[in-house]
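J.: In case you want the letters, here they are:
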Amino acid sequence: MTAEDSKKKPAGDEKVAVYICHCGGNISDHVDVEALERMAAEMPGVTVSRRNHFMCSDPGQNMIIEDLKAGKADRIVVASCSPALHETTFRRAAQRAGVNPYLYEHANIREQVSWVHHGDGATAKAAALVGAAVAKARALQPLEPIRVEAIRHATVIGGGIAGLKAARDLAIRGVKVALVEKTPFLGGNFAKLDRVYPTQEKAGDLLTGLAAAVLAHPSITVLTCAEMIASEGYVGDFKLKVKRQPPQDAEDLDKLIQLKQAGTAKGTFVPFVGILPFDVPVGEETVDLATGAVVLATGFKHYTPPKGMYGYGDNPEVITLPDLIKLMAEDTAGGGTLQVNGRPIKTMAMIRCVGSRQIPGIHEPDEKGNLNEYCSRVCCTATLQADRELREKYPETVIYDFYRDIRAYGRGHEEYYVGASRDGVLFVRFEADAAPAVARAPEGSESPLSITAKDTLLSGQDLEIPVDLVVLAVGMVPSDVSSIVDIMKLPVGADRFLLEVHPKLRPVELATTGILLAGTCQAPMDSTEAAQGATAASVKAATILSRGFVELDPYVAAVNADLCTGTGACVETCPHSGCITLVDAAGGKGRMAKVNPALCTGCGMCVAVCPNIAIEVNGWTLRQYEAMVDAIVGEPIVAEAE
Amino acid sequence: MPDTPFYEVNEAIVLSGGVDLNTCMQCGMCAAVCPWREVDGEFIVRRMIRLGQMGLEGNEVEDILYGCTTCNKCVINCPRGVDIIGIMRAIRTMTAEMGGTPDTLRAVIGSCDSNGNPWGEKREKRTDWMKGLDVPAYTAETEYLLSVCCTSCYDSRSRNIARSLVKLLTTAGVSFGVIGVEENCCGESLRKTGDESGFMKLAEANIGLFNGRGVKKIIVTSPHCYHTYTREYPEIGGEWEVIHHSQLLAQLVADGKLKVPAALAKKVAYHDPCYLGRHSEIFDEPRAVLAAAGVETVEMPREKRFSLCCGGGGGRVWMETPAEKRFSVLRVNEAVNAGAEILATACPYCVSLLEDSRKTENLEDKLEVLDLSEVLLRSMEGETVR
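Residue numbers (numbering that gives the first Met the number 0), protein chains in the order written: chain R, 0 to 641; chain U, 0 to 385.
Be a bit skeptical, because a hint or two may be false.
[To be verified] Which chain R residues face chain U? A few, computed with CB under 8 Å, are given here: (1) 47; (2) 425; (3) 456; (4) 460; (5) 463; (6) 538.
These aren't lab readings, by the way, just hints derived from the structure by calculation.
The beta-carbon is built from N, C-alpha and C at its ideal position, and this holds for glycine as well.
Isolated chain U, as found in the complex (with noise of 0.2 Å):
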């Protein structure tokens, strides 16, 4: 039976924000070069566009309609410039209009909802990853927010992350401060994954927070509040000076408030996170930072612009993929077999995804996933010295 074309749903996805949608030539590029291409899953991206555009059946598959990472490959690829991820992020908010977001997500957008964090954990225990150190609050006269993402406060392996930052800048003499259990996560992947009004609740939240207390400059440890809040918040009332914790870091290094003295007889390769690399062009300063440690790095096959997704961006993170199909997977091998002991990234996402990995690899013994800070903070604590 041949299928009848339905423009209304074309019409309905530009308004939804896929403005781009007919822009669209169906090239391929997108298709050619996305990361599923290389564990052949079911999701094709200029397919889904090409659905979209005819109002036809076979988006909303859960593993195609939420396959995309917006990992941004295909948009600087793009010969028309096409913003494709706005094209997947309406073809989501449509159906979670018409209530078909899946489970796995729902508890997500509800933990959001209701936590003020993705990972179904109370509001409370927002700050549980500073026990033990002194950290201090945020208050007028402190210079620099530190907004720390929720992975980092819930989850266990992350919170090493923030609490290796703290160390850093404690020791570097930085004026920074922590709000604590008002904060809510920066509501990226909600917007991602079709929430748009879950989005716009905890980005209002956060907005009037950081505004009512006066906030001006802030540390982001995630790529993911870094997009949020330069890209974002600001059509919706919250401007401030944002800085990633490898920018700051590097800035540190520079200017000698952060001191190493030996450098750490590792082996490290660096792994582009998309949110700070291809979405914010950010590649020098992370690589200074391992300079300053003094580390020996060697190169994955694919870096900077054409760096490897991990796989939990756009919303994946939460969501089940089997083994065979995980990009981290590839990339945990593609470090090992670039010659390193330890592969070094400065994303949460990217940390816990490539983490798992090493371990279903049997990696464990070959290679260590650290996050910059991370790697700093143990050659200035001279762990192993050279």
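So here's chain R without its partners, still in its complex pose (with noise of 0.2 Å):
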């Protein structure tokens, strides 16, 4: 079909508005607008065609506005930036003025034209965009918004400082809460922290009132050894199943049997243990929970060194921070000095950066084939903040701390920095591929170890250091939420972690509405940050949850019952399951799909196999996108000039 037959048949008496966005000079400066406000005029269906300096602004908007209630035009097509900032904006005017918001098309002009092309190619393409949209425009249909009913009720994963406070913040906020926990433990890694920065107040004390008021709160259910094994429907109405059953790890045996023998009341805080909120089940059960939205906090691992790195596994002087943190709050002795296993420590050393930063060529995969390129974020200061307490604690205890960058990034973060340096603590920075060397000094030295490394303060001056210790300040590393990935089909980054949506747009989102994720199972991030994700996470939980129903697009697959014949190919290749099922077709003719709105994603694979094309994605049809394509293959529109 060529141009010249579509001005001949116009579709129908549709009456297209087209707007074009000068966006200040973004689009201007390199589209010729009015030749495009001229062209547009010419394309077939077009009743109105205008230009403004800002579309988005009360002045561009009222334009839309008032063409449509004067009957210029029946829908519209916008011609500005990239339809993530502003389509929502140029439907919400359209539903204003009284005309269904899905008679509405997007054309990309800035980022996919005045951006990236100039001069005449920029306006070409411009028409070809406009174009296409007006075709589709014309062949849209008004659509309606699936409603969701949504149960009023939140799953948390995870009974870290962020899964706890996503519970709290959720309860707060009138949202019935079920917190799922896989260790009998409520506090994870929060729990093994004795004081925390900027403030310095105890991880203990923070805990117990936080655990006491999810414990005490009557809308939230704690489920402790308890994992998600099955998780089914979507936002407003998950289906998931918990199995729980005895505690089968070791060190979690471990720490049960130590509270068994201290005698320590439940609920109660122990450090580095955390805090037992009641007795570990005997045996195995299964809780299904009806949930509309669920918040994953599943945590993150220290990184573990493998055996030989700096020395460690080798030597028993050589220990992680977090091994530090806790010998450190287990010494109540203090004194000049610190000691370890009855050795004093007159010299050590920090090394950081330990399996974070991670460059390919200088450091070694893991056996997975997993290089940690990204930084950890929270060991610097934690790092600073050790620093500080040792020479506060032991003033005879001399640091060299080997950094390759220091990262005090947040706020009360340079205090610990300036602090560790005021109190003596010495810097040595080296090249990530000029790491220290960690060995056993010759028999008879005062030291057990000796460091060697390069001085990149001196020109690279060669170093030697005996020392009495060696901590290695370990990075983050994901938890293992490989079954939680595979039962919600969860997008993973290249580093491992969950990935959110957009980290401004939309933080804390899963592209599955309704999923949502606080903490350190997102990135490395430090207790403050997994609060601050956690209250966000749960302020959009408790947002989706909280009209009692949840609008979904509607751009979801449809089906044409005239045309299908129940082969079943769209149900075999649907990826979310549940989503397609065969019905008996009315009037006795076999058998025919049907699509749940509410899980379909609008991916359009359904539409691909269909040997009937009798199934559609409402507002991307097939002859919508025909239509498209035809104008913008078609003879391009040239505008009289003026």
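Got two chains here, separate frames each, mind docking them using the hints?
T.: Written out as structure tokens, the structure is:
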């Protein structure tokens, strides 16, 4: 079909209004917007063609509303920036004018045109995109959003600082909560800290208060020793299966024995263990949860250095920062020098970026081929904090702190850096490809270990430092959440942490509406940031559930009953289980496909495999695609000169 | 062979007064703004601090250890506010305690000890600069003690600064007087070279002398004396109202007590001395004096806080610097390039070093180096009338 043909045979009596945005010069500096306005006016079906400096401004939007109200058009095309920014803005404008918001099409002539092309070519491409949008707009049908009933209940997976905070924040907003924790304890990694920066409060004190509030809240059900084993449904109506079973993990069993021996009361915080809220289950049971939203707070693990890295595993004097924190917290004696296993530590070394900021070609991948190229962010300030606490508690212990860079990025963090410096900690900078080497000192040496390094601040001068202890500032790696990832089909980043949709536009959200991220399951972060993430996730979840229903975009698959012969090809192809099913067709005409719109993400795989073209995605029908392609490949529209 | 850090050295520097040693994060801002970078000197301040932190060898080389002129440019630019001069002083103090002071400085230290001045001249000659002038003696009725810098007491060129100032003060009717041979060097450069006990001896002698005579107000002719009297003596019992002569002259002009009948038809550039400018934040009064003298001022590229050190502070005035490494050489050329006929300043060290470079650079026909008091006196005496 040629452009001439389409001119002769208009699709119907649709009246399209086209609005071209200058974006304050962003677009109009490179696209001849006046010519574009004239060209649009010539396009089939176009009854209005206008320009504005900023279409998103009130005057721009009012222009749309006035034209629609005056009956000059019944559908609109806005040619402006990316639809990610203002598609919703213009849909709402149409809605305010009493026009179905889905009778709207967007042409991106900024990111896809003026920012990347210049001159005549830019204007020609803008005209092609506007032409395609107009052609599609003519073929649009009014649609209604899909409304799904929402259960005012959320499930939080993980009982660390983020999970506890999310559960409490949800409950405060009137949402019932199930908190699912894998171990018998609440507190997660946060329970393994002594004092937390930047306030120097006791982690145990913070945890005690938070856990007590969670346990006492009537809307929160806490399930320990529990794991999610199945998930079905969609936002507003997820159906989860949670298995509770007696603890299996050796570390957990060991901690339980310790608590029993110490006679610690349930619900009491135990340093480096956490809080045991109730008895562990004796048998296996499965709990069904009907829940409207899921907050994942599955946390992180400390990086475990492989044997031999900086002498780890070969020398008992090489430990990790979490080991040191525990060691210091448990040493009530204090004194001039730190003592480890009865040995005085006169000189010690910190080594940073262990298992973080790994560089291909310099660092060895682990046995699974993974390299942690990210910065773990927490170790810098945590090490500075340990430096300060050591110098304060053991003023005679000399510390050499080996670093690649110091990233004391957060509020109050720089103070730790300045403080540690003032306290006399010696910072030694090294390059990634010339890291310090830890070796056993020769027999008879005063100190058991010796570190050789190059001081980049002295033009690479070779140093040899006898030390009594080496502490590795290990980074963060994600918890093993592979089963949850499989069950819920979650996106995972190259760093193996769970991946939010967009760090700025949609933080803590996953593409599947109703599943949110809280804390370190998403990226390395400190407990302050984990708590912030938890609050963000809980507020988003509460907002979704607060109206009692959820409205979803209507871009979902729809079956044409006249054409469907029940081949089942779509059912096999659909990636979302339970989304398409075969049902009896009306009038005993065999079987046909049926779509559950709440589960459909509009991916279109079903459309591709249907031999009868009997299934289409609303708002993106094949006819609409054809109209767009025809407009693009047809003869360009030439505007008459003024 | 790798070196092993010696943490005890680090601790000793901190105890000797380099309290900010470990606060330095080695960003290198200090070295980047240091005037030594302009002449490719051996002294690199960041590296010196680093060696101090690590307790490693390398700082004992004379041109490194005594390189710092204490010009304060690094200190005011340091993002962590490190007292870098304190660290330099501490390292020199430790060297001095171990007997590492170089011979040139030993002579200065010895002279201060025996003569009360660093010039190797007899105490009795301290008042020779007054010959032929009627200089009042300081009495209980006198308002200001005029404390003349040793340089202007003994150095023949510098004596003219003191003499010019006396003429101006007399003309303005200021009540001032000189104690004379009993006065001692303020001790500023001794302290900077690490001779803490020598400094204390001079300071205590001066404080005892001034307080014994009932001194309340002091006019100083050197920014180094100004710094010592205002920043260092108060901690050890010397507290007076101290005024640098540039400040007093500006005040006298403003009060109409010094009248300039005609302008001096010269182009003048003003060189901010480190201890008057960056250390004491006195930038406006010297310029007011030049304005009163009616001269045409020209700007050099580096002024006020960015002023280029003459090279004489921190004890370096007593040490030998090869001509190609003298900051004062850069400075006199800067003045000439800016179109100045007179390079005016307000510090005896600056005058000495800039005078010297004017000669070695063969700029004697093009440029004069004068103290503010000399510029003002000349214009008052109507030497050249515009």
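J.: Can you name, in rising order, the numbers of the hints this structure does not satisfy?
T.: Hints 1, 6 not satisfied by this model.
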